[in-house]
Amino acid sequence: MGAGVRLIVRGAKTLSERTMEHKTCTSLRIVENRPLGGGAQYLLSLENPGWGAGGKTWRPGQFVMLRPVSWGLELTWARPFSIAQVDEGGLRLVIRPAGRGTDRIAGLAPGDEVFLWGPLGTSFVTEPETPTLLLAGGVGLAPFWGYAARHPAPANLRLVLGHTIDLAAFPLDPFAPLAGAGRLHTFHQRTMADLDAFIALLERHIADHGRAANGLVLACGPGPFLRTVRRLCDAAGARCQVSLENRMACGIGACLGCVARDAAGRNVQSCTRGPVFWTRDLAEEF
Amino acid sequence: MDLSVSFGGLTLKNPVLTASGTFGYGLEFTPYGDLARLGGFVVKGISLLPREGNPMPRIAETPCGMLNAIGLQNVGAEVFLRDKLPRLPWRETAVVVNLYACSAEEFGDLAGLFAGEEGVAALEVNVSCPNVREGGAAFGADPAQIAAVTAAVKRRAGDKPVIVKLSPNVTDIVAAGRAAMDGGADILSAINTLTGMAVDVRTRRPRLANVVGGLSGPAVKPVGLRCVWQLASALPLPVIGIGGIASAEDALEYVLVGAHAVQAGTANFSRPDFAFRLVDDIAALAAELGLDSLDACRGGLRT
Ligand SMILES: Cc1cc2nc3c(=O)[nH]c(=O)nc-3n(C[C@H](O)[C@H](O)[C@H](O)COP(=O)(O)OP(=O)(O)OC[C@H]3O[C@@H](n4cnc5c(N)ncnc54)[C@H](O)[C@@H]3O)c2cc1C
Ligand SMILES: Cc1cc2nc3c(=O)[nH]c(=O)nc-3n(C[C@H](O)[C@H](O)[C@H](O)COP(=O)(O)O)c2cc1C
Ligand code: FES
Chain S
4 MGAGVRLIVR
14 GAKTLSERTM
24 EHKTCTSLRI
34 VENRPLGGGA
44 QYLLSLENPG
54 WGAGGKTWRP
64 GQFVMLRPVS
74 WGLELTWARP
84 FSIAQVDEGG
94 LRLVIRPAGR
104 GTDRIAGLAP
114 GDEVFLWGPL
124 GTSFVTEPET
134 PTLLLAGGVG
144 LAPFWGYAAR
154 HPAPANLRLV
164 LGHTIDLAAF
174 PLDPFAPLAG
184 AGRLHTFHQR
194 TMADLDAFIA
204 LLERHIADHG
214 RAANGLVLAC
224 GPGPFLRTVR
234 RLCDAAGARC
244 QVSLENRMAC
254 GIGACLGCVA
264 RDAAGRNVQS
274 CTRGPVFWTR
284 DLAEEF
Chain E
194 MDLSVSFGGL
204 TLKNPVLTAS
214 GTFGYGLEFT
224 PYGDLARLGG
234 FVVKGISLLP
244 REGNPMPRIA
254 ETPCGMLNAI
264 GLQNVGAEVF
274 LRDKLPRLPW
284 RETAVVVNLY
294 ACSAEEFGDL
304 AGLFAGEEGV
314 AALEVNVSCP
324 NVREGGAAFG
334 ADPAQIAAVT
344 AAVKRRAGDK
354 PVIVKLSPNV
364 TDIVAAGRAA
374 MDGGADILSA
384 INTLTGMAVD
394 VRTRRPRLAN
404 VVGGLSGPAV
414 KPVGLRCVWQ
424 LASALPLPVI
434 GIGGIASAED
444 ALEYVLVGAH
454 AVQAGTANFS
464 RPDFAFRLVD
474 DIAALAAELG
484 LDSLDACRGG
494 LRT
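Note that the protein sequences, when read in sequence, are chains S and E. Everything in the first sequence is counted per the numbering used here, starting at 4 for the first residue and increasing by one. Everything in the second sequence is counted per the numbering used here, starting at 194 for the first residue and increasing by one.
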């Protein structure tokens with residue numbers, strides 16, 4: 004866990020207070036909203052929310068809740084988005100328009116104001132010496148931007164991106180070092196018939212990170228993708244973390260609308276106990 | 194301006210409480226504001242034993258609101274008393290425990306667990322639950338059962354004020370309120386959620402696994418105002434107004450129709466500092482309107 008301001012509040016600390024360093028809830032302006040691949044996705048840059056010195060008190064895998072001020076009363080909830088990166092360009096998010104909220108976020112312009120809280124939830128582990136496989140399903144690529152940028156031994160990283168939309172819709176510049184080293188693999192799934200080939204590809208890469216290699220698999224993407232990854236990792240004996248994309252209302256553990264079933268059969272908030280879980284801590288049907 | 198309010202045996206530094214189920218156990222919100230600034234907060238509904246709640250999906254966003262069918266997932270009374278309550282700033286703000294049970298006896302037992310707890314300011318009874326002994330119909334729909342549950346809680350509540358939280362899913366909310374009064378309620382709160390549903394036309398599935406759920410948020414404010422106005426006009430008990438509060442104006446509207454205090458619910462999800470800001474915003478609005486105290490405008494609706 005990184006250093007940072009710890010929140011000490013009356014008596015014992017809650018789980019979130021132990022694992023979060025510096026959460027803020029603040030209004031921020033849009034700096035840039037760049038359509039990628041003709042608007043299939045957007046690279047949304049916001050003012051730096053100032054999470055502690057150097058903006059380093061967030062960890063890849065964590066997320067923010069974002070709600071444009073213009074929503075008024077109509078759209079009730081903020082929407083959760085992975086923190087892709089915080090750099091000189093500000094807080095970077097990658098947005099895939101997928102419904103009424105994200106469609107409107109796609110239409111935000113520089114200067115527009117959003118309300119945002121975070122960084123929230125758990126993060127992906129970093130084991131510098133371990134061969135680590137990053138598996139991204141579509142916009143699930145976002146958290147791996149910051150993850151790859153911060154990894155102390157990028158030579159141990161391999162990234163597989165499965166996508167249904169055009170590759171031009173993905174911010175791939177940050178992954179140039181991986182691509183240059185031949186460790187970025189993309190797979191365009193055009194029809195359902197391609198699915199088997201994609202799963203076979205996943206299986207081959209996961210096999211390289213299985214029991215024998217004592218490797219690590221980190222996955223982010225839609226639920227069915229994560230369940231497939233989990234099944235393949237279990238079969239290969241690979242240690243695996245997945246980032247769940249459950250629907251969220253509050254993002255802070257209060258509404259109990261986002262729960263996942265853990266290995267003990269209990270319902271736990273995926274916003275505070277996750278979104279990143281070790282698959283061994285989740286029930287078969289999470 | 195003095196925002197403090199005193200009613201039904203409860204004294205609050207300001208009229209802002211947060212509604213059960215929308216504010217966790219309070220601790221979730223400590224990064225976003227100082228709990229001690231609130232008039233108080235009502236914790237998630239607590240049952241005798243822990244509950245895992247309903248299957249997913251449990252929430253759906255609807256225009257100006259949301260549906261929920263959480264199913265009263267909670268840690269149970271014992272864990273709450275051991276792990277949560279000691280960490281709450283109860284000396285500085287009112288911690289109200291929301292009770293959930295499925296029979297009058299269970300409600301009484303639950304009340305007994307909190308009666309002697311110094312850190313609990315009041316008990317709020319959630320009557321929007323099915324009565325398992327009586328075939329599963331909601332307590333809140335039957336005045337006789339509301340009276341019985343209220344009496345069972347009141348008997349075991351010691352000196353804690355008993356708040357009965359009414360369901361709007363009835364034809365006559367005043368009859369429900371009167372039944373709570375007959376059972377010995379000190380305070381009424383209204384409203385709980387309105388039963389509703391949402392459907393996904395593409396998958397042909399309901400958006401909640403439970404099919405039906407409770408509607409909350411700005412969409413329900415007109416119903417909440419109507420209920421509070423009817424209750425406050427007809428009965429001598431103080432009322433806490435709940436339903437769709439998303440601004441200081443909304444809160445003062447509830448005071449105008451007769452509420453002594455308010456609870457903010459779903460708005461806490463739209464931004465986690467909502468309740469803390471509401472305290473400041475009410476003070477600012479009251480000053481703008483030239484009010485010296487909330488008593489000066491309570492029930493002041495011009496009809
Ligand atoms: C921790 C986390 C990180 C995420 N990171 C990103 C990201 O970096 N980039 C990105 O584009 N998206 C991300 N998502 C998904 C994003 O939050 C949803 O796409 C968005 O909330 C949908 O809102 P909407 O109003 O556009 O869709 P709606 O109109 O509400 O629904 C459209 C579709 O999306 C589904 N949906 C609704 N809410 C969610 C939700 N919260 N999560 C998943 N599916 C949902 C609905 O079931 C429906 O099928 C993330 C989700 C989580 C939980
Ligand atoms: C997710 C959620 C959970 C809730 N859980 C409870 C509960 O446990 N007990 C209860 O009495 N009311 C519960 N409620 C109802 C609220 O306390 C409140 O009465 C209702 O939401 C209306 O207020 P609002 O429009 O400000 O949200 C819940 C509401 C929501 C949205
Ligand atoms: S989103 Fe509210 S508890 Fe997780």
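Worth double-checking, as some hints may not be accurate.
What the hints assert, rightly or not - Sample of chain E residues facing chain S (criterion: CB under 7 Å; computed from the structure):
1. Pro224
2. Asn247
3. Glu254
4. Met259
5. Gly351
6. Asp352
7. Pro411
8. Ser463
9. Arg464
10. Ala477
What the hints assert, rightly or not - Just the calculated beta-carbon pair ranges, DEER-fashion:
11. E/Glu271 - S/Glu288: 27 to 33 Å
12. E/Arg397 - S/Met195: 18 to 24 Å
13. E/Val367 - S/Pro113: 50 to 56 Å
14. E/Gly377 - S/Asp284: 43 to 49 Å
15. S/Met195 - E/Asp393: 17 to 23 Å
16. S/Arg230 - E/Val272: 27 to 33 Å
Hints were generated in silico from the structure; no laboratory data involved. Every residue gets a Cβ at the ideal spot worked out from N, C-alpha and C, and that includes glycine.
We went through each hint and held it up to the structure:
| no. | hint | verdict |
| --- | --- | --- |
| 1 | Pro224 | 4 Å, holds |
| 2 | Asn247 | 9 Å, violated |
| 3 | Glu254 | 5 Å, holds |
| 4 | Met259 | 5 Å, holds |
| 5 | Gly351 | 25 Å, violated |
| 6 | Asp352 | 25 Å, violated |
| 7 | Pro411 | 4 Å, holds |
| 8 | Ser463 | 6 Å, holds |
| 9 | Arg464 | 5 Å, holds |
| 10 | Ala477 | 18 Å, violated |
| 11 | E/Glu271 - S/Glu288: 27 to 33 Å | 29 Å, holds |
| 12 | E/Arg397 - S/Met195: 18 to 24 Å | 20 Å, holds |
| 13 | E/Val367 - S/Pro113: 50 to 56 Å | 54 Å, holds |
| 14 | E/Gly377 - S/Asp284: 43 to 49 Å | 47 Å, holds |
| 15 | S/Met195 - E/Asp393: 17 to 23 Å | 21 Å, holds |
| 16 | S/Arg230 - E/Val272: 27 to 33 Å | 31 Å, holds |
Violated hints, in rising order: 2, 5, 6, 10; the structure is consistent with all others.
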